Amino acid sequence: MLKIHHIVKHFGRIAALKDINLEVARGEFFGLLGPNGAGKSTLMNIIVGYLKPDAGSVSVDDRMMVYESMEMRSNIGYVPQEIALYQELSAIDNLKIFGSIFELSGKKLQTKIDEVLELVQLSDRKKDTVKTFSGGMKRRLNLAASIMHNPPLILCDEPTVGVDPQSRNAIFDMLKHLNESGKTVVYTTHYMEEAERLCSRMAIIDNGTIITKGTLSQLLENLDQQKSVKLLKNISDEQLTQVKQIGNIIEHEFHFELIPDETHSKLSEIFSKIESININPEEIALTRASLEDVFLHMTGRSMRD
Amino acid sequence: MKTVLLLIRKDFLRFKADTAAIVLTFIVPIILILIFGNIFGGGGGSRGKINVIFVNESESKIAKTIEAKLDSSDNIRPVKYYIDDKPREKVYYNEERAKSAVEAGIFRAALVFPTDFISDTSSSLNIKFYYDPSNEIEISLIQGSVQKLVMSEVPALLPYLFRKQINKQIGKAEAGNFQSRLTGLIGKFFDVNPDSISLLSDSEDAVLNTSVNKADNPISNLIKFDSVQLVGKEVANPGVTRIVGGWAIMFLLFSLTGAAMSLFEEKTEGTLKRLLCMPVQRSQILWSKYIWSMSLGVVQLSVMFIFAWLVFDVDIFANFLNLAIVIISSAAAAVSFGMIITSFAKSLNQANGISTLLILVISALGGSWFPVSLLPDWMQVISKGTITYWSVEAFLQVLWRGANFSTIAPHVMVLLSTAFIANFYSLLRFRKGKVF
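First to last, the protein sequences are chains R and B.
Using this note's numbering, the letters of the first sequence map in sequence onto residues 376 to 680.
Using this note's numbering, the letters of the second sequence map in sequence onto residues 19 to 454.
Don't read these hints as lab results, they were simulated from the structure.
Since we're looking at a predicted model, the values are computed, not measured.
One should not assume that every hint holds.
[As the list claims (entries may be wrong)] Here are the simulated DSS-like cross-link-like pairs (lysine-lysine), alpha carbons at most 27 Å apart as the crow flies: (1) B:K285 <-> R:K502; (2) B:K291 <-> R:K501; (3) B:K87 <-> B:K104; (4) B:K79 <-> B:K190.
Just chain R, same shape as in the assembly (with noise of 0.2 Å):
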């Protein structure tokens, strides 16, 4: 469905896109992972024909993307990282505004704005205005917005920047229920855990290349360490020093996470070590690897460094 071929953007003298070749399958739920800066709005903004490649090309359907063309553009719904709506108009107008740019009109046009109201849980609110709406309303008005037009394909920019936990759950539900009814999904994100949650394939791209590429399982497959240990954080300065020796520590909210290095491969081994330590073995726990620690295998340091 999607194609992006040896894609290169600068900036000046900084390179934001190096090389960059994807394939998302029509009915994908594509996931492109990241930290900050790492490149995926530039990815995002060049698919839907916002900024021009330096080189390279997108195609969808097997048809060419040319910089600033109409033609393709009706093909794609893109949910920008902003709350792109108008503020002071109401929910209804923001989308009759949005759907009569892409020639709905009349019934049709009225049709479709019930749908999506419906699909987005905001019904009863279309005729308030934008700006007396909560942070996870407008994200939702967003989303709706950009697939006024059943786009085949819709392109997420980070659309939960900002959201409570109660919303960003309904964006996904949504965001499952089209790419259920056959939408295909590329979805931008800094959130491992999305990724995880919703994706059947993604790639993760770091200061402007793709590091590694696959389904979540493969991700994980081609990690050479799937160990790990939480620590909790009430552990002292000389204690995590000592920790360090045994492999990598990743600073969470809560915890700490230890990843033993290829030395500490015997679980009991590492076990005996952290005792050895003196820390309560009650603030141990085991995790499975997770796309966090793909990252730090792949760039050897934490998304959030």
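Mind docking chain B on chain R? Use the hints.
Same frame as chain R, now just chain B:
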């Protein structure tokens, strides 16, 4: 105290980063002070002289003396001739040509010393003043300056005019006897030589050489200052009719520049990008913004003029078609002004600062607030480079003078050409993606 200082520093840093605030705080007032300073004196420059047609058809020496004083006046520049195209030669104004020039709006006033400026049969000076009061301040200044100049000669003229009056009443010979008897009596009473006493001379030279205290003499009715309003006599509300065009174009510039700059807001909100990711071309966005702003401007001006008609009785229907043409061309120029600022500014803040500065300056220079003729000559030259000037003049022509299309055609051409050129450049920049 440390916290207060930190907070002050915070405010300073925010102010320093706000280009619009800096421009509004320092640059705008300085430029306006420069303009007003030049008009009302001081400020290192002198106010410009107002052009007034001057026709001296009198052979009188007094008329010649007043003419010389007019030539060196600080306020008035007497214009005595024009260059005719075919054949290319100087043509001196006479009374009729002067009147026609004022009626046509080429000059706002004409001062005429007729052949009977001082006649043997009259005991008063005859001065004719033809004027078009479309700019009240300007006419008041001209009248004030002319009258002051003529009146300054009144005390010296009085004895001469009295003598002419006496000559007329009792004959020249009897008047001479009366004066020599009177000077004889005065000489005897004050014990001075009667020949040294000069009372009522019938010589113009004596008048010009007199040392009478001119300022103290209140008698002025011996000057017949014949003011004739040539244009605008039928205007129902002269005061509002004069100013409505100037203020309308200034507010039009503010509102339409704001409308054009809403592109920046759309960029910040992300809606511009959303549109550009839909089947919408950059030029379509620009044109839609232009047409919307233009329509808004036409409606805004129409509302202003209808209000002026309803409340102040400004006659907008007498020359409605031409008024509509000026409204449309002014709106077109005002929107293009906003578009060109939007296309060159790098941010909303910068655009706000630049537009406020420019609108206030061109309003002052272009005649929205006061007649351009009050400005120094060099500022008057700059004035003609502003759309405000052409718009204000066009509105005056239409509302005050009831001008036909051929009269306002140059104004309309300038406004529309400005709009075309400015739009061409902004469209070019926008299409190339240099703006957003």
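Here is how each hint holds up against the structure:
no. : hint              : result
1   : B:K285 <-> R:K502 : holds (25 Å)
2   : B:K291 <-> R:K501 : holds (24 Å)
3   : B:K87 <-> B:K104  : violated (33 Å)
4   : B:K79 <-> B:K190  : holds (21 Å)
Hint check: a violation occurs at hint 3 only; the rest are consistent with the structure.
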